[in-house]
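Based on the provided sequences and hints, a complete structural model is requested.
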Amino acid sequence: MTMRSRLAQLAATASLLAAGPVAAQELQYWVYSDFAQGDALKLQQEFIKEFETAHPGVKIVISGKGDDDLTSGQIAGAASGSLPDVFMNGLAVGAQLVEVGALANLHDQWMAMPQEFRDQFDKDAMASCSPAPDKIYCLPYTGFGEIMFRNLTVLEEAGIDTTTPPATWDEWLEQMKKVKAAGKFAMPDQTQVFNSVASTYAVVGDKAKWGVDFDKHQTLMDPESTTKLMQAFIDMAPLNSGTSRNDQATKDLFITNQLAFHVVGPWVDPTYKQASVDSGLKYDFVLVPGGKAGDHGGIKSYEIVGVAPGPNQDIAWQFATYITEKQQMLRWAKLLSRYNGNAAAMSDPEVAKLPLIEKSVEAVHYAADVMPPYFVGAYPNCYRSIMTDVSSGAADKEYTAEEGAKELISQLNDCLAQ
Amino acid sequence: MNARKHLPHYAMVLPFAALFATFFLYPIASGFYYSFHSWNGANPAVYVGLANYQSVVSSRDFTRAMSNLMLYIAITVPLGISVAFGLALLVDSFRGFWSNFFRSAFFLPVILPAFLAATIWRWMYAPNFGLVNMILGWFDLPSVNFLNDTGTMLYALIAVDIWVSAGFNMVILLAGLKGIPRDLYEAARLDGASKLQQIRYITIPMLAPVLFFVVTYGFISALQVFDVPWLLTGSSFTAYGGRRGALLFPVMDMMGRAFGAVRFGEAAAYGFILTLIIILFTAAMFGLRALRARK
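Just so you know, the sequences run in chain order A and B. Per full-length UniProt numbering, the first sequence starts with residue 1, numbered consecutively. Per full-length UniProt numbering, the second sequence starts with residue 1, numbered consecutively.
Read the hints as simulated data drawn from the structure, not as lab findings. Some hints here could point you the wrong way.
[As the list claims (entries may be wrong)] Now the stretches of chain B that chain A is said to cover, found in silico as 3 or more residues with beta-carbon under 8 angstroms:
{"no.": "1", "region": "34-47"}
{"no.": "2", "region": "121-133"}
{"no.": "3", "region": "242-248"}
All values derive from a computational prediction rather than experimental measurement. Even for Gly, the Cβ is constructed at its ideal location relative to N, Cα and C.
This is the structure in structure tokens:
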């Protein structure tokens, strides 16, 4: 071996050694635990593999976390400087994540993307990620609009014509009373969790007056809508099952033909579909009735993809754009039959005809956001507990509807003032 | 010179001392520091004096959590220890296979993860078709929604906690029972003492140190109650505490402030208030014991 070839070999080895650590870039990617198991995980791994192939030297490590682990891990990660590079979470915790510095402002990177890419996303969903013109904190990912699951056996036993869903709250309440008269439960107890209170408000209240004015430290709820909300809880109290919408017991009551209506996201559908195979459960899903004909209730929200500030921000952004892009969101929608924030994927003919997606897309159009405005301020704990406490108080007849409304607004404002 | 002689000894203690300082002293000191600051975990902490302590103590949730806690302790500690004492006496009366069988059966809930225990009991308490309501149905009693009725929620939790912890206390009391000389009972029997009199005049006095430990431990555990009510009421930062906060406890409230509301300073202050309460309780227990010993 000549001196020259020996030198060339040395130079090549040195360059390889030098390039190695630079090229190897590992991204931590945190997702909800149900995205990290079964078929969902397989699809996530496909996305990761495709991205890694297109970006040699990049390695994505996916970790599934429970809802609270995801949030507490990101908050603790921000405090300790060990944030995951790209992660999912819910819109509702966006303000907390911004407050602790867990989310990078993606505005410049977003604006640098081709118009075609930007146009894919649902405009409302994108607006939720952008609290100010120069701030974008997320990309919309999966999401939901609430729909009303109906147990057709229970309704038929109560003598209700199931061919036409109730168009208004009044019609719906009449049906609930008939169900109770037939010895069954109409609804879960809607006062138990914040989301079901929000959901009921979206049925009977003015959706424009829901949420918080963080500048004034005041709730947007007005006495008229809130009185209607309280009255709804008073009316539903004797008709409900006493279980929360999220309880397994609620699903069991529905499956065993004891419960007529379950207003919730589409995630219960696989359970009900399985029950229809196993035990012949007869059910369907329709839009949640609204206060007046032509309007509808229910809530909507999105899971988001956020990117942490730091040295990996650029490549993490690229990965975020890859997984939220139409082709990937199409594959998600086909796999899970679930709504997501990519409007182009949702309007794809093959996806749009899936019944659950078709209904979800329609539901999202009417539904109210759970905790608006996002990324502006965090709802304090007392806001949520006051909402459920006073609602329960009204259902327990501790307040009249008017008293409950006054009490609720007053307590919420006190909570926000603190 | 002397220090140099002991250098190897110091070196041996050093790893433990370093770990102790890093994972015990430092977190306590830093928690104490942050309890006087407004801090969200990321931005610079701002000194606020006693505002965090004031905010915690004056909050509605603190009052609610503390009143739930007091009622919970007042029932759980005496009832739990009575149940464990009864079980210990029962198991002590058996020998061989049955003794081992009952010991294992009663201890089993202790080793179950809280998640499993809570899941089992959520099913048991389910309205209409839960086991407890099925049993009520056999006696024509109306169905009770144990985990939603504010009048029953706390008692439902107490039943779960007693089920979970009785086995642990039973094993400790059983060990104490084994240490009581049998001839004391034989002498009492010869003197015509009934079973109850034997328990009253021999078993309980001889078990006093063990009972003291079990009661003190029970108090401290009860003050830190968290996992079972957290899991029974939805196990999430948005749903904990149950209907109208009937199952809200201080540690849950503290967690909610830290990770739900991102107020780490306030949560740290909460932690120190709880620590102070635990210290006061424990000191009171030792004080009572010393007073009794002096008499």
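Here's how the hints hold up against the structure:
1. With a cut-off of 8 angstroms between beta carbons, the region 34-47 of chain B has 4 residues touching chain A; three or more are needed, and the interface restraint holds.
2. Only residues whose beta carbon comes within less than 8 angstroms of a beta carbon in chain A count, and the region 121-133 of chain B has 7; three or more means the coverage holds.
3. Only residues whose C-beta sits within less than 8 angstroms of a C-beta in chain A count toward coverage, and the region 242-248 of chain B has 3 of them, enough to reach three; the restraint holds.
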